[in-house]
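Novice: These are the residues of each chain, in order.
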Amino acid sequence: MTLPSTLAAVAAHGLPGSLLDPPAEPLDDGSWLFLVAAVRRQRLAGLLHRAVLDGAMAVTPRQAEEAAELHVEGLAGCLLLERQLLMVASLLDDVAVEHRVIKGTSVAHLDYPDPALRLFGDLDVLVRPEQFDLALATLLDGGYRRRYPEARPGFDRRFSKSVSLVGPTGLELDLHRTFAFGRFGLSVDLQQTWSALSRFELAGRSLAALGPEQRFLNVCFNAALGDVPPRLVPLRDVAQMALSNRLDPSTVRLMAEHWRAGAVVAHAVSVAWKSFQLSDATPLSAWAQDYRPDPRQERALALFLDPRSSYARRALATLQVVGGVRNKAAFIRGHVFPGRRYVAASRYGANTSRWGAGLRQLMDDAHR
Amino acid sequence: MTRDRVLLQAGGVLSRRSGDRLVVLGVQGGDVTVLSGTAAVLWQLLSEPTPLGDVASFLAEMYGMPVDVVMNDIGAAVDDLERASLVIATGATP
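Each protein sequence line maps, in turn, to chains A and B. When the first sequence is numbered by this note's numbering, its final residue is 368 and no position is left out of the sequence of numbers. When the second sequence is numbered by this note's numbering, its final residue is 94 and no position is left out of the sequence of numbers.
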């Protein structure tokens, strides 16, 4: 059994209908070391430990102890992040900024039978676009700092998916405006995103998350438009939710089409089903299997799936859905003529070389 | 430490279970604490205000040991949990 297939079997542990099985014999020392490193990188320690405890994965006593230690280490990180999340929620509540916890933290508490199964390495909070500047200023006043400067004043509030922040203790927080970079992020109906709500508790305090269908679309975006190849945890989130019977499939389909993201959702579900060899069909998996995206969505998705696709090419595709001449101009300015602080923090040495390189790349991509 | 001393999990504590261990963290501050064995069971038994004597009786039955022996054993665990601000006393004091 190869490392990738062992890792996929670990990630699939507990999914009904998965045809993947972890190894029937304990791995040799070398293979175990590689597996542990991969499990740590992919934040799968919760599922590995569960597979060991359930007897689904054969391990030696020493390996069982290591799996347990790896899990405790991961959980400690999650609790430290959750403590920070409570502080962030208080900061935003104090200035009446409405927010939703998205991605790992909310999915762990709302969609897994035990939040200890789903580890996460950062925090993600969504705020309304009209409150984005206030939220960001509040967090900066509260001791957070940006990882990267803004391309131009106002760019993040209008066009960015999120701003990456580092907290006073070094933990990461992504403040989101929408679900994805580029055309898929801009076509998300943000009013619909905020129209439903779920709640979960941390240390006796109630926190708000997205409604179930919105949350499912968010995990699909994360799985389909994130890393290439996709990480196993986001794919597990997709399968976990799709198999839960807690979603309304027709609401998911209608929302995905309305957001012009049917291709994204269908792709995420299809890849999850294939990655975990899920034999059970659900209304969503059947829909995904038969889905035929329109050519524009297919081309836009292809840009995200191609590891050679440049940021400039994706930006060019985004330009097509930015509405209005002034907005298009602002979008281009942000990419081709970024501010000095952005340039100083980037790999380009001088403003002229940055705009020259950016413009060249955009023109090259337009002619491909 | 008296049997009628009433203890309760402190509010504002984040926790996760890992096998027979509990990973806990106070929201107000402090480090992550990993509870195992008796301490983990003890903390979970204190989800509601519970006299220490009741806890000792439960553990004595669970482990098949005399209650007095268990009372002695859990004293140190209770001290550790109180020092880490994970439990509070709500009733009669020693």
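I should point out that these hints are in silico values taken from the structure, not numbers from a laboratory. All values derive from a computational prediction rather than experimental measurement. For each residue, glycine too, the CB sits at the ideal point set by N, CA and C. Some hints could be false.
Covered by chain A, according to a simulated footprint, are these stretches of chain B (three or more residues, beta-carbon under 8 angstroms) [to be verified]: (1) 21 to 28; (2) 55 to 68.
DEER-style ranges, computed between Cβ atoms [as the list claims (entries may be wrong)]: (3) A:Q289 to B:I88: 53 to 59 angstroms; (4) A:S5 to B:F58: 41 to 47 angstroms; (5) A:E257 to B:S36: 46 to 52 angstroms.
Partial list, computed: chain A residues near chain B (C-beta under 8 angstroms) [stated by the list, open to error]: (6) M1; (7) E66; (8) A68; (9) H71; (10) L79; (11) L80; (12) R83; (13) P115; (14) A116; (15) L202; (16) A203; (17) G204.
Novice: Failing hints, ascending?
Specialist: 2, 6, 7
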